[in-house]
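Enquirer: Each residue of the sequence shown is one higher than the one before, counting from 80 in our numbering.
Because the hints were derived from the structure by calculation, they are not lab data. Backbone N, C-alpha and C fix where the C-beta goes; we use that ideal spot for every residue, glycine too. Warning: the hint list may mix true and false statements.
Okay, the calculated beta carbon distance ranges per label pair [what the hints assert, rightly or not]:
1) V155 <-> F106: 22 to 30 Å
2) A102 <-> L125: 22 to 30 Å
3) I167 <-> M80: 16 to 24 Å
4) I167 <-> H131: 22 to 30 Å
5) T151 <-> Q115: 39 to 47 Å
6) M136 <-> N113: 15 to 23 Å
7) A102 <-> I167: 46 to 54 Å
8) V111 <-> D166: 18 to 26 Å
9) M119 <-> L156: 37 to 45 Å
10) Y161 <-> G141: 48 to 56 Å
11) G138 <-> V169: 37 to 45 Å
12) M80 <-> Q115: 56 to 64 Å
13) T151 <-> V111: 25 to 33 Å
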Amino acid sequence: MKRLLYLLPFLLTPVLAQAQELAYTTFKDTRVINTQNVEMLPKRKLDVRIGHRFGDMLGESGGWATFYGLETAADVLIGAEYGITDDINVG
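Build the full structure now, drawing on both the sequences and the hints.
Expert: Next up, the structure:
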């Protein structure tokens with residue numbers, strides 16, 4: 080019986096030592112530059128994004144004639160993401 084009493088604290092120590100801190104967010108957003116990451120939107124949140132790539136800003140066809148690339152848009156992206164649950168996103 081004494082052996083069991085001495086053994087009991089050693090058996091309970093790993094169970095009580097599970098004091099790991101929770102990681103709340105790896106990144107502050109669902110995108111890093113133009114690429115998706117591991118973060119998910121919270122439940123019932125909508126994220127709308129507009130992305131724009133400029134044309135030639137200072138080259139041969141750039142400058143003031145094209146308003147430094149604003150008038151020659153190379154690519155425009157309009158997108159939306161919605162968090163259905165904390166683990167499922169659509170969009």
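Enquirer: So which of the earlier hints does this model not fit?
Expert: Failing hints, ascending: 3, 5, 7, 9 and 10.
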